Amino acid sequence: MNTEDVLAEFRAAGALLEGHFILSSGRRSPVFLQKMFIFMDPVRTERLCSALAKKIEARLGKIDYVVSPAVGGIVPGYETARALGAKAVFVEREDGQFRLRRGFAIPKGARTVMVEDIVTTGLSSRECLAAIAGEPGELVGAACLIDRSGGKVDLGVPLVALASYFVPDYAPDALPPELAALPPVKPGSRGLAV
Numbered sequence: 057m058n059t060e061d062v063l064a065e066f067r068a069a070g071a072l073l074e075g076h077f078i079l080s081s082g083r084r085s086p087v088f089l090q091k092m093f094i095f096m097d098p099v100r101t102e103r104l105c106s107a108l109a110k111k112i113e114a115r116l117g118k119i120d121y122v123v124s125p126a127v128g129g130i131v132p133g134y135e136t137a138r139a140l141g142a143k144a145v146f147v148e149r150e151d152g153q154f155r156l157r158r159g160f161a162i163p164k165g166a167r168t169v170m171v172e173d174i175v176t177t178g179l180s181s182r183e184c185l186a187a188i189a190g191e192p193g194e195l196v197g198a199a200c201l202i203d204r205s206g207g208k209v210d211l212g213v214p215l216v217a218l219a220s221y222f223v224p225d226y227a228p229d230a231l232p233p234e235l236a237a238l239p240p241v242k243p244g245s246r247g248l249a250v
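Each residue of the sequence shown is one higher than the one before, counting from 57 in the working numbering.
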């Protein structure tokens with residue numbers, strides 16, 4: 057599955073939105089990838105995550121644990137872990153920091169990959185990776201369905217992306233006129249109360 061195949065899946069699901077969006081980082085973008093429209097379709101989700109699992113295995117080898125950030129990463133993390141034959145766990149925010157909770161732990165020597173839905177600036181991914189780094193398992197890399205940075209983001213570990221798609225984003229005080237003319241919408245989940 058290549059980038060155009062992945063974007064076709066997003067378009068077919070109505071998950072590639074155009075307008076003026078406030079990203080979880082606070083930056084603004086003319087495109088928003090509403091991955092929950094993908095995840096509401098189990099067949100589509102399985103198809104995308106199975107393709108991601110194949111890329112992960114080809115690049116990183118056998119994986120024992122998949123760790124994802126809550127909320128948006130739980131579904132693709134679980135489905136990718138299923139395709140890999142791995143365990144699926146997730147981190148949640150506690151006192152503003154991602155932590156493994158609910159009794160989750162990554163045992164010593166377990167080859168671990170972080171799986172995310174969409175990576176833009178990499179902030180949530182780096183926070184998730186920091187939580188994983190405190191565990192005794194072996195962190196071997198990160199993966200996502202779509203890398204919105206077009207390959208520019210640096211997570212400090214190898215990143216396997218099913219699709220690499222550059223979407224411009226802007227500081228709120230540096231918007232192009234056509235974007236500034238549209239009312240902003242904040243569709244992400246970072247600000248949700250937990």
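Treat the hints with care, since some could be wrong.
[As the list claims (entries may be wrong)] In silico DSS-like pairs for lysine-lysine, Cα to Cα no more than 30 angstroms straight-line: (1) Lys242 <-> Lys164; (2) Lys111 <-> Lys208; (3) Lys208 <-> Lys118; (4) Lys118 <-> Lys242; (5) Lys118 <-> Lys143; (6) Lys242 <-> Lys208; (7) Lys143 <-> Lys164; (8) Lys164 <-> Lys118; (9) Lys143 <-> Lys111; (10) Lys164 <-> Lys110; (11) Lys143 <-> Lys110.
Please keep in mind that the hints were generated in silico from the structure rather than gathered at the bench. Quick caveat: nothing in here was measured; it's all calculated off a predicted structure.
Results of checking the hints against the structure:
1. Lys242 <-> Lys164: violated (40 angstroms)
2. Lys111 <-> Lys208: holds (19 angstroms)
3. Lys208 <-> Lys118: Answer holds: Lys208 to Lys118 is near 26 angstroms, not above 30 angstroms.
4. Lys118 <-> Lys242: violated (38 angstroms)
5. Lys118 <-> Lys143: Cα-Cα ~12 angstroms, so holds.
6. Lys242 <-> Lys208: OK: Lys242 and Lys208 at ~24 angstroms, within 30 angstroms.
7. Lys143 <-> Lys164: holds (14 angstroms)
8. Lys164 <-> Lys118: Holds, because 15 angstroms separates the two Cα atoms, which is no more than 30 angstroms.
9. Lys143 <-> Lys111: Distance of about 18 angstroms is within 30 angstroms: holds.
10. Lys164 <-> Lys110: holds (24 angstroms)
11. Lys143 <-> Lys110: Holds, at about 16 angstroms.
The structure shown violates the earlier hints numbered 1 and 4.
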